[in-house]
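J.: Spelled out from the first residue to the last, the chains are:
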Amino acid sequence: MEDLGKIHQLIIPFFGHDITLNVEVIVMTWIVFFALLCFGFFATKKKSRLPGPLQVVGELFVEHLYALTEDALGKELSKTYAPLICALFMFLLLSNWLGIIPHLEEPTKDLNTPLSLGLMGFFIAHYAGIKAKGLKTYLKDYCEPMFIMAPLNIIGELAKVISISFRLFGNIMGGAIIILVVSYLTYSIITPPFLNAFFGMFVGTIQAFVFTMLTVVYIAVQVN
Amino acid sequence: MQIISNIALISINETLLVQLLSFLIFLFIINRIMFRPLQNVRSERANYMDTIKMDTRDAAKELETLTNQLKVKESTVRTQALGLKQEIEESGSMQAAEIFASAREQIETLKETAEAEVEAQISEARKHLQKESETLAVNIMEKLLERRLAS
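Quick note, the sequences are listed as chains A and V, same order.
Just so you know, the first sequence maps onto residues 1 to 224 in the working numbering.
Just so you know, the second sequence maps onto residues 1001 to 1151 in the working numbering.
To be clear, the hints were calculated from the coordinates, so they are not data collected in a lab.
Treat the hints with care, as some may be off.
Here's a subset of chain V near chain A, in silico, CB distances under 8 Å, partners left out [claimed, not checked]:
1. S1005
2. I1010
3. L1020
4. A1116
5. V1118
List time: in silico DSS-like cross-link candidates among lysine-lysine, alpha-carbon distance up to 30 Å [what the hints assert, rightly or not]:
6. A:K47 with V:K1053
7. V:K1085 with A:K45
8. A:K75 with A:K46
9. V:K1053 with A:K46
10. A:K45 with A:K79
11. A:K131 with A:K75
12. V:K1053 with A:K79
13. A:K79 with A:K140
14. A:K75 with A:K47
15. A:K136 with A:K79
16. V:K1053 with A:K75
17. V:K1073 with V:K1085
Model, not experiment: these values are computed from the prediction.
We put the beta carbon where it would ideally sit given N, CA and C, even for glycine.
Extracted from the complex, chain V is given alone in its bound form:
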């Protein structure tokens, strides 16, 4: 076995077989350590993406269903609420009318009572005023005449 130095731009020899075998060995190893794992990762990722896409699609469908259900519920509730509102408004207006009527009655009663009291007080005051005015007139006259008037 020896190593020689040679000048040759083209030298086809047993190196060809060595290169071929080396490449086949390399192909076997790189396929095991790189291509297959990367392909597995890629397919795993593709599956994952498919699952996510399917999940997204399902979620979108579910969302649509829920939205529709919600819309139906909303319209039902809205109708119910509208009915309730009308009922409450009606009962409220009835109660208000009753309250107004009773208040009006009370006002009328109070007004009558107050008028009666005022009338009584006026008549009382008139009686009292007659006497006081007579006394006052006598007093004024006496002061003006500077003598007593016979009563």
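Bound conformation, chain A alone:
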């Protein structure tokens, strides 16, 4: 229980300012990246028209997420943004599932990860909006329905980043805390497999999908 919220931070002095890096999160993130890159490598290693099992799984992800992006953004824009959406979903899914494995932690349990991804989605959505509508129309949209609403619209846009990031962070962190508390209360005699399955796999999958869908929707809203 005393491990709750305990993190290791790497402090790097940089021109009189200390750069602080959360070690566990970065390591866990790269574990996820490595696993996904290995999966990607082996899925396409013997690629053929008649696919093997790994290629089938890979194609399943790619096909469905590309189709999802195409539905929301249209055929042309989906070519640009589908890889991002696909990578985002795969990363979040595996990140949320990582806590099931003993001694490993979900990178999404640290706010830096969902917030960085939320900010990335925010900037990409607004970049896509400016590119699609033009700067003038884009800025004009903030003044809808009237000029006085502009601050509220800006706050609304910023709130999207906060909401999307904290939703994922809260769910994953909450799940991890519940599992930790239940394990503590049962003196770790009973491994809570049901809780792991629920918070790790079920909630993890749902939240990964929600985050990805919201990112697509934010881009689609800006573009359309």
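Once you've looked at the hints, dock chain V against the given chain A.
T.: The following block gives chain V in isolation, referenced to the frame of chain A:
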């Protein structure tokens, strides 16, 4: 540079930028090694399927054309065969009639010859029979009377 242990449920720091950069690097690599190749395979497969579909459609059309041609040929051949059959039947029946007629003639000739021969043999036999019956009658009489009859 040092590593410290800290208790913090929420700690927003430079890790955010590292995570963002890491994800962008990951996106770049995974797009190169997984998404693009899989998309290429998928489009290649789709093209292949389209080609197969087109080939199948072409083959079906060709089959239909060939079937129609075959039907036309079949009906032509059938008509020709029917004509030939009729011709052969006619010539066959004519030949049969001729054969029957010649056979009938031969039978008639043979019958007449046989009748003539039979008639000749009967008359011959009658002559011969007269003499033999006379001799036989004399012999019977002699045996019955137990003496010779004067001839």
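J.: Looking back at the numbered hints, which does the structure fail to meet, lowest number first?
T.: 4, 5, 7
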